Amino acid sequence: MAEIYKLIHPVKYFNDYISRDIRPDGRKFHEQRNIKVNVNSLKTAEASAVVKCGNTTVVCGVQLELATPKAEEPELGFLVTNVELTPLCSSKYRPGPPSDNAQVQSYMLSDIFSNSKCIDLKDLCIVPDKLAWVVYCDIVCLDNDGSLVDACIIALMASLKTLSLPTVTYDPETEEIKVDPDVRTPLKVDGCPVATSFAVYKLTERNILLTDPSAYEEEMCGGLGAHFTVCLNKGLICGNHKFGGSHLLMENQEEVLKIAKERANLVVKVIDSCIKNEKSIDK
Amino acid sequence: MWTTKTFLTKTKRGNILKIVREHYLRDDLLCGSAACNICPHKDDEFVLASNPESICALFEYPHYLVLDTNVVLHQMDVLEEDALTNVIILQTVLEEVKHQNTAIFQRLLEIIGNKKRKFYSFVNEHHKDTYIERGPGEKPNDRNDRAIRKAASWYASHLSANNVGGQFPKIVLLTDDEGNRKIAQEEGIVCCSVKDYIENVNGFVGLIDKLSKNVIPESCSKDALYPAHLTPTQIHSGIRNGKLFQGTFHASRDNFLEGTVSVNGYEKPILLQGHIGINRAVDGDMVAVEIFPEEEWRKPSDIVLEDKADDPGDLLEEEAVLLNTAKPADNNKDEITPTGKVVGIIRRKWRQYCGILMPSKFPGATRHLFTPAEKRIPRVRIETRQSDILAAQRILVALDSWPRNSRYPLGHFVRALGPIGDKDAENEVILLEHDVPHARFSEAVLACLPPNDWTIPEEEIKKRVDLRSICICSVDPPGCTDIDDALHARPIEGTTADGLVKYEVGVHIADVTYFVRPNTALDKEAAARSTTVYLVDKRIDMVPDLLSSNLCSLRGGEERLAFSCVWEIDENANVLSTKFHKSVIKSAAAMTYEEAQIAIDDSARQDQIASSLRVLNALAKKLKRKRLDNGALLLASPEIRFQVDSETHDPIEVQAKKIVDTNSMVEEFMLLANVSVAEKLAAEYPQCALLRRHPAPPPANFTTFLKAAMQQGFEIDVSTNKSFSASLDKAQIPDRPFFNTLLRIMATRCMQQAVYFSSGTKMQDEFYHYGLACPIYTHFTSPIRRYADVIVHRLLAACIGEDVTHASLLDTKQADSICDNLNYRHRQAQYAGRASVALNTHILFKNRVEIEAAVVLSVKRNALQVLIPKYGLEGPLYLPSDKFTYNEEEHFQICNGVVLKTFDELTVRLSLDSTNLQHRKLVFQLVEPHIPGFSYVPEQAMDVDAKTEEKKEEKVEAKKRKEARDTKVKKKAKK
Amino acid sequence: MPGPDLLSSQGLRLDGRRPNELRRIKCKLGVFTQPDGSAYLEQGNTKVLAAVYGPHQAAKSKSSTDGVVVNCQYSTATFSTGERKNRPRGDRKSQEMSMHLRQALTAAIKTELYPRSQIDIYVEVLQADGGAYCAGVNAATLALIDAGIPLRAYACACSASMAWRAGQPEPLLDVGHVEEAAGGVVLTVAALPNTGSIALLEMSHRLHMDYFDVVLSRAMQGCRDIEIILDRAVRDHLAEGWTKQDIVTI
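Protein chains in written order, with UniProt numbering: chain F, 1 to 283; chain R, 1 to 975; chain D, 1 to 250.
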């Protein structure tokens, strides 16, 4: 019955739940979904992570290449992030070139990431003006059930935290590059940005914030994806995006930051314990 | 079916590419021991005996041996002895050996394959209990050592489990790595060095001689005689930054303290002099050299210097005395050669060397010197307790190492070849030194043969064209038992449009591929041998005797399988049509060239054989004419034949080969068949047809030759083969009939080698055969003695649908590698043949001296190369530089107004110099023109002449008597 | 003998398998919520995901009255191989694979049941170690079953190659990347083993006719073995009962 009701009166169905202070999947408004992190599950990538936030599943694979730094920034290496929303992950996406949404997500991610300054690109430079690492971080969404950016950032950070760079020696005379894959140095990661998404639902006069919305909730709140994403790194805001949906009131902002802060602490703990786990299995 | 296995991934990181490999561990791998009652062995899977008898006094209980990699790599000669049995070869070891030395790897596989030796290869890398992972920071070598120890201790516990109270074999780990041994002992593994083990082996005399004296050459810095070699990394960086050069070291034949290395960037080879300059490089090694500054460059010494006969101990002589190191005078700047020294060895190219032992002067000593037959190889120090026996033998020795503190390289005795001077031993030396595979055919090969009483099955006859009723005959040299070609010709009905008579001509080639099926042991052996090698008194068959001399040989009066190429030819020798088919033939007669010639010439004979021979002969002449008109070269090489005593197999007479018309008759049709087949194959298989090409010689090859011809007043045009051929024809001196032949002999030496190749590897215009002047050529007519022909037969059979193709036949890469081997083996076979001729010449001249007419082939700085036309022998006639002056420009030698130049006719005295047992040589001495103080003056010139005349007469008689039991070896004219 | 040594003298392959053994196969149905059917499959180090959307109304241009239109997309993640791929999809290889997927799966689906409809099948290769196409077909079959789409039979794919041991030909089952890279022939077969029919046959390099039969029959044997494994996975999945998602929505 519920299913049919949902189909016939989608708005009313959703409204009925919210007005009873509960979300259709049984969560409270500020309750987030379970997070599962698994690192190094892909053998072909230098580092990788699979992250599940509820049903949202993303995979991040990191690969390394060597390149010459840009002439204008000879001391910087490269870190390239890319988000792929394959048609596999949702019926909304069609095969073909990346959709606008995918590009927005991708751009937002790299924006948040560079703002957080958790990776110093100077660390990726081997010989200034001559040789630098290119770190490719490809994130593939396998199942999009809302709050995609949150999951992507977790996957990205979990991967980077496990990444170690092989030692490279560069002979300036012969320009010969020697890579010693046995001697590795872990990549320095300063802090760990964590994003928290919210959907804003306008229930009569009230603005309701739904933490970590699912795809269904995002849709019901009217939009392609979450409306509001806050990202914190070590207590500093490094990303604050609001688009679409209802307007936001000032009092919401404070609430949002509080929730985001709590969630950031939790996520960092999850990632760290996962990496620790993986290491102990390794040995 | 799929079995669940523990699963592990191994990661290998190369560059920044991450490579991931799966590695399955199994629980169904067997330990191979008959004492084991855990593994589910089937009856035929036991390799190791349940109660192996110990032969070593150190371990008196039954045990299996586990070998470390270094043992296999260095002690192969010990392992090949039948002494050690019940040995476990781990996969770890097998793979390390495979990577480091393929030759050793092959030998190891051979031993493992021999059931009697009880060598079991255990796949420890995939066994769930013996696989280990490389620890972080662990070197691959250490990891492998650990894997070997792990497997050894696993075996020990595996065998003891479930064998409560019973007798079970223990495990002994043999390793020469001290570190490994130490850890093994700590882990409770019984281990031992090879030396200790072998020295305590009972009952195998001589085993200890085979121990390799492998020491790490650079570690012996105490009392070092030689400077240390650079490490591989140093060499690598030195070469990279241009300070060092790499190249193959060629030792001088004449001076043991001199050698050269050809490197990139220098036109002349780099000269290396002295012990220090050569620094332990052995001929053939890939070395790194440092080149001295230009003011230290030297010229090659022109003295002959041999190492001292006795062992001076580990000292280096004062080299300044031995070497002509004086700075060369300024006038001959041309001769100054870039000079350098060896600073490191990149790769050793050591093989086993034949030679003789020079026993130590001290009785009872075990260290002796060995002199290799190859002059360019230094003497080797070996240890043996059998020096008394070995002193009179030809022996085979392997090089092991050359430490810094040893004057000579260290080696060990491998085996004895036979008494010095013994024909068999000397032949063995020739075969070994030329890398001719000559072992007896293995059981596996012989198992591929049909039974001795094999006859053609009825159904096979039905499949083929039956030519048994046609009068076919073969023409070969006398004594030939491997007859691979036969011919027929008969007029056919009708005439051509121009009214010419038509003939059907067939060439029938032994159908070897019927017996030699692809990928059988027989096929592989034949492919490895590639060719039958003809020594003067011995033939090393490519395929076993049953095939080569019987079932394949197209003997007279017997039904044989053949592959036929049949043409319709008009009387002007134009080919009208060609067809190929397999057939059954019955040769009417197997004739010699002379018999055939007699049949043709004897007009009384009107039988079928004679008339078809006449047709063939007439057509052949026309074919030849056409070929020559096309520009084919008639080349010559002095070929000699020995008459061999039927009992002692010693040569009793030597003479230049006689060529009659019928020789060229057979040759013409063989050429025609080869060309026809080549055209067919190239059209059908553009990628993998096996062809033969002969590249045009580069003009530079002709310089000396043209100059010499010019001196005789002939201008030879070498721009094309046609003009070359024509001008050779014109170059005749009426009163010197031999002159033209001589010219052709010399022209032959300007040529390049013809080679086999796969059509997929070359451009169409490179297929050209220069010598035969035909655009495409192959070998089809001698499958019994050449493997190339076997491949060609298979290809041809496949394209006419008479046989199936198989994958490897059509693979260009495969064909290319076959060609490489064919070319190598053919070259080696030729060299071996020549060495055999030299050997027999020496035997022939052992007790005789002759004075003969000779011609000068070329003029060298210190000698004339002379040819004795009568015997086809050639050699150097040395001219001392104090008497003769060499004119470099015009290539002649002058002494007291007597000028000696190319093509001059001389009289020389021939004798044998046996002072050096290994290098006996013919000595040529000048008799005429007479140069006082130099020419040999026969004491009673007339007398000697008379004597030789007498002798000759005697010999003619002897020859006649022996003709009946002549055992001459067939040697076909080189095409 | 031709070809590099893919078989040791003891008869084991480079990774320790015997010639007739598949790699380890692990698979799971119903791994995602968004699609109507999904499956994850590991074949050795090759890991693929498959998702099925549909059947749903077909786009007008594609619509067919004869049966359902099967739309496939095969893509490879950029990090699926050691060397980073620049284009995960849309390149020639992926398009070819997409087409092959469609051919093999159309043969298995009872297309006549859904006229004017469309089924979308997406296959994503997360890690490629040889035989990614085969793994894709196998995973897609499971995803179709998960989506409840009626099939004629399991569509299974398997590859086979050729090696020599002691001069004797010995076909290798389920070719891994190392064996593929060694340059030998790779014959890929997609079949409906139950009906004994072959849906797709693809071969790289050259193979002599004499050996085609043995290689093909080995690949078919592989398809049959895979069918058993897939069938077991489906039964296990069903035995687990309805997935959580179904409970919530009812």
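Incorrect hints may have been included.
To be verified - Here chain D is said to cover these stretches of chain F; the calculated rule only asks that three of the stretch's residues, wherever they fall, bring their Cβ under 8 Å from a Cβ of chain D:
id, region
1, 85-91
2, 141-152
What the hints assert, rightly or not - Among the chain F residues that face chain D by a calculated CB cut under 7 Å, a handful are:
id, residue
3, L42
4, T44
5, N55
6, A67
7, T68
8, A71
9, Y136
Just so you know, the hints here were simulated from the structure itself, not pulled from any lab data.
As the structure is a prediction and not an experimental result, all values here were calculated from the model.
We put the CB at the ideal spot given by N, CA and C, even for glycine.
For each hint, the structure was consulted:
| no. | hint | verdict |
| --- | --- | --- |
| 1 | 85-91 | holds (count 6) |
| 2 | 141-152 | holds (count 4) |
| 3 | L42 | holds, 5 Å |
| 4 | T44 | holds, 5 Å |
| 5 | N55 | holds, 4 Å |
| 6 | A67 | violated, 12 Å |
| 7 | T68 | violated, 17 Å |
| 8 | A71 | violated, 23 Å |
| 9 | Y136 | holds, 6 Å |
When held up to the earlier numbered hints, the structure conflicts with 6, 7, 8 and fits the remainder.
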